[in-house]
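**Student:** Residue-level listing of the chains:
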Amino acid sequence: MPMMACAADGDETVSGVGFTILSLAALIYKYKIYERRNNMNDKVESLISLKQSIVMLFAGGAASLTATNVISLFGMVLTAMGLVFVFLNWTVSRRSFIERKRRNDLLEKELDWKIGEQGKVQASEAKRARINNIKRGSSGGSIPQSKSK
Amino acid sequence: MLANQVVAAFSAVMLVLCAYHKYKFNRYSNTCLVVALWLALEVLSDYVAISFSQTVTPIEAVRYFFILASASLVMMATTHLNGLYPKSIRIMFTAITFLCVSMAFWRWGVQTRWDSGGAEFYDSYGVLIDSSFFCSIVGLDTLMIILGVYSALDINSNADDGMRGRW
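Line by line, the protein sequences are chains S and C. Going by the numbering used here, the first sequence opens with residue 1, and the numbers climb by one from there. Going by the numbering used here, the second sequence opens with residue 1001, and the numbers climb by one from there.
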């Protein structure tokens, strides 16, 4: 690796490349767990939730591989922080996901309740109509059983 | 060198198995193909980095382990993000990635500091660490081969969903 060797010291290069690979591995691993546990098919949303770590990872990797000594060291630190952020961000986004799921569940419950109310109103209207028909004697001797008739 | 020949032979056999299943049953086991490609990548990275040499300089060792780690990372991304592969093979690729990076760190650390205490440390723990790495890679490869061959055998059942169906 001649290009990297002239950009940075050997230790920095080796640890920079190593941490980049480790961070990528952790990112892939956490991303899949995130998607699976949240039972979520929206890949874009899970990528957005991990965007800080992705940015830190790529910026750190690029800085540590291309820059000169001090900036390269900074890039290495940034990459290691990206590795930590993958783990931290996971819990944060998990918490916000739980909150969003709670609200969504409430909304769905409300919708179910409204649909149920509407159904009750319709059923009582149909019942009233049937009773009126029987009272008026317009059913011709047979009681209509369903609304479609 | 012998280990590489064995790995290459297994890779070739499993690739041929996949091709045969594609020809005979018009489908093949994804796991078997991934394991065969991974074994080929192992031999290839050895060839590209150090040309099967036994004695390596620190830069060559680091290059070899990072190429192996990158290959494992690619396989890891494939198996994780695709959803077609069993959990055990995903865990194995993750383990191999982490193992290779830590081996690169270890070899770089000990070989660049050879004169200032590295040699003594290597004499004390080097053989243990290197052979534990080698044994774990061999063990993981063996498990992978078993898994790949079993899932390939699962393809060719024409009677029920069990293994070793009648041909």
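There may be inaccurate statements among the hints.
Calculated cross-link-like contacts (lysine-lysine; reagent style DSS-like; alpha-carbon spacing at most 25 Å) [as the list claims (entries may be wrong)]:
| hint | chain 1 | residue 1 | chain 2 | residue 2 |
| --- | --- | --- | --- | --- |
| 1 | S | K101 | S | K114 |
| 2 | S | K30 | C | K1024 |
| 3 | C | K1087 | S | K32 |
| 4 | S | K101 | S | K32 |
| 5 | S | K135 | S | K101 |
| 6 | S | K51 | S | K114 |
For the record, the hints were derived by calculation from the structure and aren't laboratory data.
**Student:** Given the hinted pair K51/S and K114/S, is their Cα-Cα distance within 25 Å?
**Tutor:** 38 Å, violated
**Student:** Check whether the Cα positions of K101/S and K114/S lie no farther apart than 25 Å.
**Tutor:** Given pair K101/S, K114/S holds - Cα atoms ~20 Å apart, limit 25 Å.
**Student:** Between K135/S and K101/S, is the straight-line Cα distance small enough, at 25 Å or below?
**Tutor:** 51 Å, violated
**Student:** Would the pair K1087/C and K32/S pass a check requiring their Cα atoms to be no farther apart than 25 Å?
**Tutor:** Cα-Cα ~12 Å, so holds.
**Student:** Is it true that the CA of K101/S sits at most 25 Å from the CA of K32/S?
**Tutor:** 19 Å, holds
**Student:** Hey, K30/S versus K1024/C, does the alpha-carbon distance stay inside 25 Å?
**Tutor:** 39 Å, violated
Checked against the numbered hints listed earlier, the structure breaks hints 2, 5, 6; every other hint is satisfied.
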